[in-house]
Amino acid sequence: MRGNGPWKMAAGAAAIALLAAGCSGGSSDDDETLPNAISIGIVEPDSLIPSNTVEQNGSSVLASLFYPLVRFDDNRKPYTVAAESITHDKANKVWTIKIRPDFTFSNGEPVTADNYINAWNYGAYGPNAQLASYFFSRIDGYAQMQSVDADGDGPQKAPEPKAKKLSGLKKLTNTSFTVTLSAGFAGWESVIGYDAFYPLPKAAFKADGVLADTYGDAPIGNGPFKVKGKWEHDSKIQVEKVADFKGTVPKVDGITWKIYQDLGAQYADLLAGNLDVETKVPIESLASASGDLGARLQKSPSSAFAFVGFPMYDPQYANRDVRRAISMAINRGEMTDQIFLGSETPATSFVSPVVSGYRPNTCGDNCEYNPTKAKALYAAAKGPTDIKVSYNADGGHKAWVDAMCNQIKASLGVNCTGSPEAKLSDLLKKVRAHKSVGLIRLAWAMDYPLMENYLGPLYTTDGSSNYYGYTNTAFDSLVREGSEAATTDAAEKKWQQAEDILAQDMPVLPLRFGQNVFGHSEKVTNVSMDLFQKVDIYKIEIAS
Amino acid sequence: MFRYIVRRLLQMVLTFFGATFIVYALMFAVQDDPIQALVGERPITESQRAALTERYHLDDNFFAQYWYYMKGLLTGDFGTSMTNRKVSSMLADAWPVTMRLALLAIVIAATIAILAGVVSGIRRGSIFDNATLVITLIVLAMPIVVLAPLAQLVFGIKLGWFPATAGKNATLWQLLLPAGVLASLVVATELRVTRASVAENLRADYVRTARAKGLTGARVIGVHVLRNSLIPVITLIGVDLGALMSGAIVTEKVFNIPGVGFNLFRGIRTEDGPLVVGFVSVLVIVFLVVNLVVDLLYAALDPRIRYE
Chain G
1 MRGNGPWKMA AGAAAIALLA AGCSGGSSDD DETLPNAISI GIVEPDSLIP
51 SNTVEQNGSS VLASLFYPLV RFDDNRKPYT VAAESITHDK ANKVWTIKIR
101 PDFTFSNGEP VTADNYINAW NYGAYGPNAQ LASYFFSRID GYAQMQSVDA
151 DGDGPQKAPE PKAKKLSGLK KLTNTSFTVT LSAGFAGWES VIGYDAFYPL
201 PKAAFKADGV LADTYGDAPI GNGPFKVKGK WEHDSKIQVE KVADFKGTVP
251 KVDGITWKIY QDLGAQYADL LAGNLDVETK VPIESLASAS GDLGARLQKS
301 PSSAFAFVGF PMYDPQYANR DVRRAISMAI NRGEMTDQIF LGSETPATSF
351 VSPVVSGYRP NTCGDNCEYN PTKAKALYAA AKGPTDIKVS YNADGGHKAW
401 VDAMCNQIKA SLGVNCTGSP EAKLSDLLKK VRAHKSVGLI RLAWAMDYPL
451 MENYLGPLYT TDGSSNYYGY TNTAFDSLVR EGSEAATTDA AEKKWQQAED
501 ILAQDMPVLP LRFGQNVFGH SEKVTNVSMD LFQKVDIYKI EIAS
Chain V
1 MFRYIVRRLL QMVLTFFGAT FIVYALMFAV QDDPIQALVG ERPITESQRA
51 ALTERYHLDD NFFAQYWYYM KGLLTGDFGT SMTNRKVSSM LADAWPVTMR
101 LALLAIVIAA TIAILAGVVS GIRRGSIFDN ATLVITLIVL AMPIVVLAPL
151 AQLVFGIKLG WFPATAGKNA TLWQLLLPAG VLASLVVATE LRVTRASVAE
201 NLRADYVRTA RAKGLTGARV IGVHVLRNSL IPVITLIGVD LGALMSGAIV
251 TEKVFNIPGV GFNLFRGIRT EDGPLVVGFV SVLVIVFLVV NLVVDLLYAA
301 LDPRIRYE
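Here the protein sequences line up with chains G and V, keeping their order.
Quick note: the first sequence uses the UniProt record's numbering, first residue 1, plus one each step.
Quick note: the second sequence uses the UniProt record's numbering, first residue 1, plus one each step.
No wet-lab data here; the hints were simulated from the structure.
Do not rely on the hints blindly, as some may be mistaken.
To be verified - In silico BS3-like pairs for lysine-lysine, Cα to Cα no more than 30 Å straight-line:
#1 LYS158/V to LYS228/G
#2 LYS280/G to LYS158/V
#3 LYS158/V to LYS423/G
#4 LYS86/V to LYS202/G
#5 LYS280/G to LYS206/G
#6 LYS98/G to LYS246/G
#7 LYS523/G to LYS86/V
#8 LYS86/V to LYS236/G
#9 LYS241/G to LYS168/V
#10 LYS90/G to LYS373/G
#11 LYS251/G to LYS236/G
Stated by the list, open to error - Pulled from the structure, derived: some chain V residues nowhere near chain G, Cβ distances all over 10 Å:
#12 VAL6
#13 ARG8
#14 LYS71
#15 PHE128
#16 GLY156
#17 ILE157
As the list claims (entries may be wrong) - Which residues of chain V face chain G? A partial, calculated answer using Cβ under 8 Å:
#18 THR83
#19 LYS86
#20 ALA92
#21 ASP93
Note that the structure is predicted; figures quoted are calculated from it, not measured.
Think of the CB as a built atom: it goes at the ideal place given N, C-alpha and C, for glycine as much as any other residue.
The task is simple: from the sequences and hints, build the whole structure.
Shown next as structure tokens:
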């Protein structure tokens, strides 16, 4: 090599690099959109199989591809959409669902009772490990479909469950079927509004009870939109209108669900005009968001409920007055204003305001900021001089836990420290082992808009998320009586009585109710979000 | 030369297995409850736990799990991520965009660094030399977590010169801003090394000889000085290429580029062993190959270097 070799080499290397960088970029068609279409930002969904979708991103996409049996009106009461009628016997145990006969899947298949039965059987079958399978647990025969690990948790293969089908599902005609519950439940009609209860077409299955491998990449549904192409992981999911859809027809012709890894990047694209709706404005942008977006920054109630649980197994917190005093020592309004910049609202009840039957301020005096009374009560009850608040460090909770601790310190004159654990699972493991973790940061978002969806999992003795070990038999039986009541109104009465017990016992500190804080571009109007943190795709339209 | 390459390749195989073993062991040690991580804050039933544990071999001991993994890897199967996607298809999705980003960043960085480095090496102490010193120091002092959002805000949103984010199928144009931000990570060191090396070579005997022969200034600098000065710079660029591919986590996040850095971050957060080990395995290979190429380039640049 001689002469100007290095220059040639450098130029050659640069040319190769640029070529490599550019070659596949040429085929980019990111901005290719339908004329009357909009884009909504999401995070990469975990799954697009209805019975395996338990997070809000996948759920949002599914809402555009499927048409549920029921939706909810402004009073959180269910009304039928894909179902023609839903009736039940006196004991609320046997439910007859009649579906509308004119509906088809986007591939042309008519929607029949079998599509529902097959989908629900798939979701409930234990070895399929569908994350939303617990929704089917009220249906008769669910327990027989779960495998029981004979030898605890050894390496031995778990035995096959006794049944492959839910015995509680019976087909009557092509368009009707009955659901038998293992116990009467007046609120069942609200439960079936959830994603797990969508029907699956025949095309989804490769054999009886076995889902086709590729179904999750481009789910075929009975909804107003169908997937264009397939799910482009980490990039986008494009859906387009189904021709002559029989239900409510959305006003836009297509939606591009743009996938972002980060809310900040999403916000940047919203400002730059590359995105139409961001469903969650990041908290670090909230201060400038009203200036950036003006009236295009909006808020609506969501079902999220943030609270702190008391370790009921810890004798230090066994005295009810200790728990009451700590609750009174906290200024909830100051926290939501200063730290959450008004994106969340103070909570003074034990169920979210978005459910029917909610009453404001059921917590009463116990949740009112009153440092003098708190201090006197705390001293009289001889509460611990050292309070610890445990939280998971990966969820951005440090700021408000520290603020809450400072309030407790100032009000009660005791020491309070925030104690981070790497992950929630680490924290919960310690709680299950009854280690001394102090107060426990927790949160809940509902699956269906019933009071029971808060009271049952969070506070009953065998509630799935009652990690702190609260137990009160009077409360348990009221919740159960409510579930078995003949009408939803009677049920709500029982549940409200149950909530009153919580206000006396204070097993948890209600702290904040979540809100959807969302922003949209100038291109779209009529943007609204529902209780499930989803954009209402039937109302949104393009600004003229 | 041929024997040298073969020897290096054999070493690479050993390094590869060692590195994947260590990463696998680390992921295994850190793995606490990946099933809970999968569902977030929701409760999970015993039956689901049993089914998922069996699907991902989570109840086997470390060596059995490693054996399953390596058996798959050697047959070209990178395994399945905890999100039920094939790791091989995730690799195929993530690598091209990161590769393009890193190459573009290298081209930007090397162009600036070599041009400015040569000029400041020749005119030491000049205004240009001091100005580049100050500017590169400022850029070097700014952490990328500040620089990336700032560049996005100023050039992407306020001025609107560049697209604010890039995405998966990014065009060269969309990648320019993130690549510039990435380049700022490495441009300072490359520039300083070029400058020092040019300054040193200018004093060498062969330069004096060339000048005495009556060669033009451009030829002395362009051929004699530059060729010898580039050797340390090439090494640096080779190492930087590896660093840029793995270290683009922040940039990829800010500019929404679903590349390698993002996938590693996601895998670590969700305790997704197969995902992390798969990406690291490919990263290890890239590092090894780049290093081999750099070593071979020496011989091309400097005929005195011979490999046996």
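Hints, one by one, checked against the model:
Restraint check for LYS158/V and LYS228/G: the C-alpha separation of about 34 Å exceeds 30 Å, so the hint is violated. Using a Cα cut-off of 30 Å, the hinted pair LYS280/G and LYS158/V holds, with the two alpha carbons roughly 22 Å apart. A threshold of 30 Å between alpha carbons decides the hint, and for LYS158/V with LYS423/G the separation of about 38 Å lies outside it, so the pair is violated. Distance hint between LYS86/V and LYS202/G is fulfilled; the C-alpha atoms sit about 25 Å from each other, no more than 30 Å.
Of the supplied pair hints, the one linking LYS280/G and LYS206/G is violated, its CA atoms being roughly 38 Å apart against a limit of 30 Å. For the hint linking LYS98/G to LYS246/G, the alpha-carbon distance of about 16 Å falls within 30 Å, and the restraint holds. Only pairs whose Cα atoms come within 30 Å are accepted, and LYS523/G paired with LYS86/V is rejected, the gap being roughly 38 Å. Taken as a hint, the LYS86/V and LYS236/G pair is honoured in the structure, with Cα atoms around 18 Å apart against an allowance of 30 Å.
Between the alpha carbons of LYS241/G and LYS168/V the distance comes to roughly 25 Å, so the proposed pair stays at or under 30 Å and holds. Between LYS90/G and LYS373/G the CA atoms are separated by roughly 50 Å; this puts the pair beyond 30 Å, and the hint is violated. Between LYS251/G and LYS236/G, the direct Cα distance comes to roughly 21 Å. Compliance with the 30 Å bound is thereby established for this hinted pair. With a closest Cβ-Cβ approach of about 24 Å to chain G, VAL6/V is found to remain outside the 10 Å limit, as its non-interface label requires.
Every CB of chain G lies more than 10 Å from the CB of ARG8/V, the least distance being 21 Å, so the non-interface label holds. At roughly 18 Å from the closest C-beta of chain G, the C-beta of LYS71/V stays outside 10 Å, upholding its exclusion from the interface. Distance check for PHE128/V against chain G: the nearest CB is about 21 Å away, which clears 10 Å, and the non-interface claim stands. Non-interface call for GLY156/V relative to chain G: violated, since the shortest CB-CB distance, roughly 6 Å, does not exceed 10 Å.
The Cβ of ILE157/V sits about 5 Å from the closest Cβ of chain G, inside the 10 Å cut-off, so the non-interface label is violated. Because the smallest distance between the Cβ of THR83/V and any Cβ of chain G comes to about 6 Å, under 8 Å, the interface hint for this residue holds. Contact between LYS86/V and chain G, as hinted, is not supported at the beta carbon level, the nearest pair being about 10 Å apart and thus beyond 8 Å. A distance limit of 8 Å between C-beta atoms decides the matter here; for ALA92/V the minimum to chain G is near 10 Å, and the interface restraint is violated.
The criterion of a C-beta within 8 Å of any C-beta in chain G is met by ASP93/V, whose closest approach is roughly 6 Å, and the hint holds.
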